[in-house]
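Residue numbers (our numbering), protein chains in the order written: chain A, 6 to 326; chain B, 6 to 326.
Just so you know, not all the hints are guaranteed correct.
Remember, identical chains collapse to one label, so a pair may be satisfied in a single copy or spanning two.
[Stated by the list, open to error] As a list, the in silico DMTMM-like pairs of lysine to aspartate or glutamate whose alpha-carbon atoms are at most 25 Å apart: (1) Lys285 / Asp175; (2) Lys326 / Glu62; (3) Lys201 / Glu306; (4) Lys34 / Glu62; (5) Lys174 / Glu241; (6) Lys31 / Asp202; (7) Lys213 / Glu245; (8) Lys132 / Glu245; (9) Lys174 / Asp202; (10) Lys285 / Asp223.
Hints listed in this document are in silico derivations from the structure and should not be mistaken for laboratory results.
2 protein chains.
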Amino acid sequence: MYYIGVDLGGTNIAVGIVDEDNRIIKKGKTPTAPERGADAIVADMAALSKSLLADAEIPLSEVAWAGVATPGTADSDRGVVVYANNIPFLDYPLAANLSALLDGIPVHIENDANAAAKAEAIAGVAKNAKYSVMITLGTGLGGGIVLNGEVYSGFNFAGAELGHMVIKKDGRQCSCGRRGCWEAYSSATGLVNITKDRIEDARRDGRKTVMEEMIGGDLNAVSARTAFTAMKQGDEVAAEVVDEYIDYLACGLGNIINIFQPEIVSIGGGVCGEGDYLLKPLREKVFYKETYTKEGTPQTEVVVAELGNDAGIIGAAVLGK
Amino acid sequence: MYYIGVDLGGTNIAVGIVDEDNRIIKKGKTPTAPERGADAIVADMAALSKSLLADAEIPLSEVAWAGVATPGTADSDRGVVVYANNIPFLDYPLAANLSALLDGIPVHIENDANAAAKAEAIAGVAKNAKYSVMITLGTGLGGGIVLNGEVYSGFNFAGAELGHMVIKKDGRQCSCGRRGCWEAYSSATGLVNITKDRIEDARRDGRKTVMEEMIGGDLNAVSARTAFTAMKQGDEVAAEVVDEYIDYLACGLGNIINIFQPEIVSIGGGVCGEGDYLLKPLREKVFYKETYTKEGTPQTEVVVAELGNDAGIIGAAVLGK
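Sequences are here, hints too, so could you generate the full structure?
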């Protein structure tokens, strides 16, 4: 049998046909254009799915189910998106509507960060773990919790908001309204903000930093790569930015480990491209400073997620498992 | 059938005989005297259990199992206490050793905060909840997580350390070695420390507070009741202390809700004796300031735990369920 995985984002609808071994055998994408409204988006999900199946010469009768990874709060029991921030879904029966356009095959839905975590737990880096947590360092800081092969999202499907755990009360303003959330420091956006602040400090203190040339003196040109790139060139201010960033990331990870003690925490998102420049100091801070387990207790592994951009499609496709 | 529940503390071993309806029909206690070593403690658990059964005229053959709620990290699968801070248990086969002294009946073990959470989930305030979390505000801040009727403690049984979630990075020193843990602010000890600090501030700023008379000018006389008692008498500084305390408590609770979205969070421990003076402002802060759910999403209930001092015994007795 085959499975359809739909990864719905604010910009694109990505669809993949996935085989029994959780491999994507065909994929494609089409613009989301959220302003069109929910029904048009769902019609495109179905049309793209059918066209990919036709290309792969797979009849719909050989598809066991479709899954959709969606932004927002997804009631996976009822197949209803309760709310999404940047897609026009409000108590929207996504599963039923997509199923109706796909000859009635079963459709499963899940929040996108949760689906990515399930993908890693079933087909990725956490595949032998009983308990795993995934965090994604992107514009926001997304969290997904998988316990015994099942996504955990609380009684109202709104849980696993790991990025909205306050780690510094009264700290940086977060987009959610609270202050000091982990996301405000440890997302890619958080890294950009820390970088900007330290460049401004350097200006005030008269310290030199190559980051200033990299951005041509324009703070709006700072990206999540600025500090890591400058650090690799030996820049001291940049090294301090990276250290500060990893310090906050380790603080939140220490909390997650003290709460869940999962076998694996996997980290996804663009910032992970930094590899050992991120992971090595992160692991040191987490295990020598931030966690609570006594010597001799087995320790959580902190690793980079392995499915990358495919995690959404694969996570959606495995939702029925 | 009947069940033996043993609540092991640093000071006392409390034992209860519990019936099918999770009611304690007989209970007693004996000093722990941890310096005697593990085997002597277990011998006393067995002796007290047998003497209570004799008093109640219940033969051991009518006891389905015994359970022990113990401090520290309890490997509930193997029945081994991996480590305990104030009891001489180190990789100690507690279940096997107690079972041998009780004619071989099954013995289950669990960390004490986890057992209390299970007691509330099976026989207390969270009994109809699929997911519930309990926190206990005592010398420390203990946490217990119950999902689908099962204690969740991670792959190494060291999880659910909710008190050791940092909510204020680089904040107050915690006994665990980190700074800014929830426990450092929101345990009874945290309340005492906040109270002392604000009395000292008042001295420096020349502000009057009835707390000064209550403690006879001696900061060592501050208790977890000092600020609440003075606040009820209209003391302004005390009202500020209580507000600050509840602010931190709400911050941590907001995190727990954003992560778990349980139906119920129950709060146990001495500070709960303050009733609505604690709960009313706490709920307001949690739901209007600290949580992430959108309007219309069902909300977690925050309630006082109902089993009080019996939670340990009942929690131990229901471990086989």
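Hint check against the structure, violated hint numbers in rising order:
The structure conflicts with hints 3, 6, 8 and 10, although it agrees with all the remaining ones.
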